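K.L.:
Spelled out from the first residue to the last, the chains are:
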Amino acid sequence: MNLELFLVQLLNGVSYGLLLFMLAAGLTLIFSMMGVLNFAHTSFYMIGAYVAYQLSVWIGFWAALLAAPLLVGLLGAAVERWGLRRVHKWGHVPELLFTFGLSYIAFELVQVVWGRAAVPYQVPGELDGPVAWLQAAGITFPRYRLFMMAVAILMLAALWLLLKRTRIGLVIQAALSHPEMAEALGHNVPRVFMLVFGAGCALAGLAGVIGGNAFVTEPGMAAAVGAIVFVVIVLGGLGSLAGAFIASLLLGLIDAFGKTSGASLAGLLSSAGIDLAPQTVGHPLLTMTVAQIAPVLPYLLLVLILIFRPRGLMGTRES
Amino acid sequence: MTALGELHFRPLNVGRWVVWGFTAVVFIAAPQIFTSGFARALLSQMGILIIFALSYNMLLGQTGLLSFGHAVYSGLGAYFAIHALALIGKGALAFPVSLLPLIGGAAGLFFSVVFGWLTTKRAGTTFAMISLGIGEMVFAASLMFPAFFGGEAGISGNRTAGPPLLGIDGLTLGPDIQVYYLIATWTFVCMIATYALTHTPLGRIANAVRDNPERAEFIGYDAQRVRWIMMMLAGFFAGVSGGLSAINLESVGSGAVHALVSGGVLLAAYIGGVLFFFGPILGSVVFVFFAFALSEYTPAWHLYLGVFFVLLVMFAPGGLASLILLNLRVAKFGKFRRLRDPYVGVIGTGGLLAAGIVLLIEMTYHQTLGIGSGSSVRVFGFPFDTARGESWVFGALVVAAAGVAFEYMRRRFKSEWDAIAVEIEDWRRDNPEQDQ
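Listed in order, the protein sequences are those of chains A and B.
One point on numbering: in the numbering used here, the residue at position 313 of the first sequence is 313, and numbering is uninterrupted.
One point on numbering: in the numbering used here, the residue at position 105 of the second sequence is 1105, and numbering is uninterrupted.
Isolated chain A, as found in the complex:
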């Protein structure tokens, strides 16, 4: 692999990893605050992509970039206010099942409105094409991917500042660790929950706006990324933002490099001087390339983590 190709894959991996982290960040925030694992989180990602597609047809991409996450955030807040809050008193399993049911509804509802096929959600003209200054260095990298990375980093910096440097962030952190105390001090904790749930959904919506046209906007997109995001938060350690960040980047890189790698166990052995005959036991397995097994790599990583570090990379919480 030459250096240019390596850099392209690195950038691809990091941009996908950042997108994963935008999803995992909202999920982790909601989880650590309310103890609810929002199964429908990637459904909000999907709805964000669809709404952004519709809005970009009506009012253009740049307005959609602002409006779609807001709409998705409002939808999320409404779901919390009139759905989740009612289920809260039954406990965590019904809460998880409630969001699981929502993911069924969202999957079918986008098909009712936009049909079963993918919608033609396009990258805006200004951002189409490769990055000029990277091209000069011999690296072909889409301008839109760079834009995605910039949006993700800006958003994450804003989130960090909000949580750590503002009064609202202080209240959120207080409600996170000591909800009763925060309530006793006169803060409306249920409203904080609603805001956090809405904000987490808005983050997912934003990820959908910038991810929907980079990848494909279709009804299966929520399920496709959903399982990976759950792997991310288990890998990172449930409830840990830093762990989720590391795990997102790791999975992003594995995805980018894994899909293009032609390496196999047989190749490894033959470079060590052992050549395998086709009749060797397990020959088909040994000759499988990394690219062929790429879809299971995240889950294999999950299995390994569970064996060697059951609480996740940065996890502290024992369930």
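In case anyone wonders, no lab produced these hints; they're calculated from the structure.
You may find that some hints are simply not true.
Derived pair list, reagent style BS3-like, types lysine-lysine, alpha-carbon separation capped at 30 angstroms [as the list claims (entries may be wrong)]:
id, chain 1, residue 1, chain 2, residue 2
1, B, LYS1414, A, LYS164
2, B, LYS1121, A, LYS89
3, A, LYS89, B, LYS1090
4, B, LYS1414, B, LYS1335
5, A, LYS89, B, LYS1414
6, B, LYS1414, B, LYS1332
Because the structure is a prediction, the values reported are computed rather than measured.
With the hints as your guide, set chain B onto chain A.
P.N.:
Just chain B, lined up with the frame of chain A:
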């Protein structure tokens, strides 16, 4: 969590033998009453799903483990069973086809020993996520090894292979009715086995681990080991259901290990009610109606199922079983008459509201998906022209009017229901010696 005494399978205090005898009669009589091929196919599906949902409920209801990957065990069980069936067809294996579910069960057991060791390291939400990950891994692997999984097309077999059942000529398992009775027999046996399990010390300690793992450990039980053993048993019964579905369909594709199957059994068990033994049985019957009967009429059945499920989680987290038992309790106290009118009102207006919403959804879906079939769509047997504004106005008016009426009826019903609940609780408090 209420005391176990209240969760017993004891509707109206009829004896256990009567209940099981009645169940057997229903199993025997059902295909004689519903004689069409479609109805019998539904009955077979129900039997298979009942085993699967009972197996699922060993985890969710009894041990408190919410799994999103239970299709792994039924699906791999089905694969092993279909491979065995193919071998029987070639004459390479002498094994009665009617006992194939045992092979499926053995495969389910094996994989639940392996994967269960990993997944049961954690409980709660983490377990749910890990089970999802394992499920996705197995599904991704199923597309990767076409030699075993047969790719999209899957693996087929012929269930009439091998000698006839019990050596009786004609019992070839060819006709659907014979397969139904085979499934019904297996379902009945598995129902008894899973019911018996709830009364064993293992079943009870699983309940303890569900409710308070820490205290279960204090009295000397390893919570992880209890979860693991329950997982193995659940894996076995899931494999049995997979083996039966291999016989029933004579083909297994990679869809058998897909997340939709895992989600389906979760919905079936929860809709019925996971805190009651008969809940998942009830839920399986309802789920098969949605998945196999309703899907004949509308492409949006997932949506209706999802809405039904979400409403149930919101308003009746104990599932249909809890609704039935609550109403039986009201009837036992002789107060059901007072609920009759409110029920008629709520169900009448609620049905009308649902019909209006279904009409709007079906018209929208027809416009989005309907290719080449014109602008007319039949909903509840009536034709509606989606190109004309009147149809939409009509639908919106029905929804608005029925919505207002339903909200009024719902409040009336709720006040009556709450009043009755208070009366019953008061009576129970004042007469503790006569209670139960």
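K.L.:
All hints, please: hold or fail.
P.N.:
Now the hints, each set against the structure:
1. B/LYS1414 with A/LYS164: Violated: B/LYS1414 and A/LYS164 sit about 46 angstroms apart, past 30 angstroms.
2. B/LYS1121 with A/LYS89: holds (27 angstroms)
3. A/LYS89 with B/LYS1090: Roughly 57 angstroms between the alpha carbons, so the hint for A/LYS89 and B/LYS1090 is violated.
4. B/LYS1414 with B/LYS1335: holds (15 angstroms)
5. A/LYS89 with B/LYS1414: holds (19 angstroms)
6. B/LYS1414 with B/LYS1332: holds (19 angstroms)
Comparing the model with each earlier hint shows violations of hints 1, 3; every other hint is respected.
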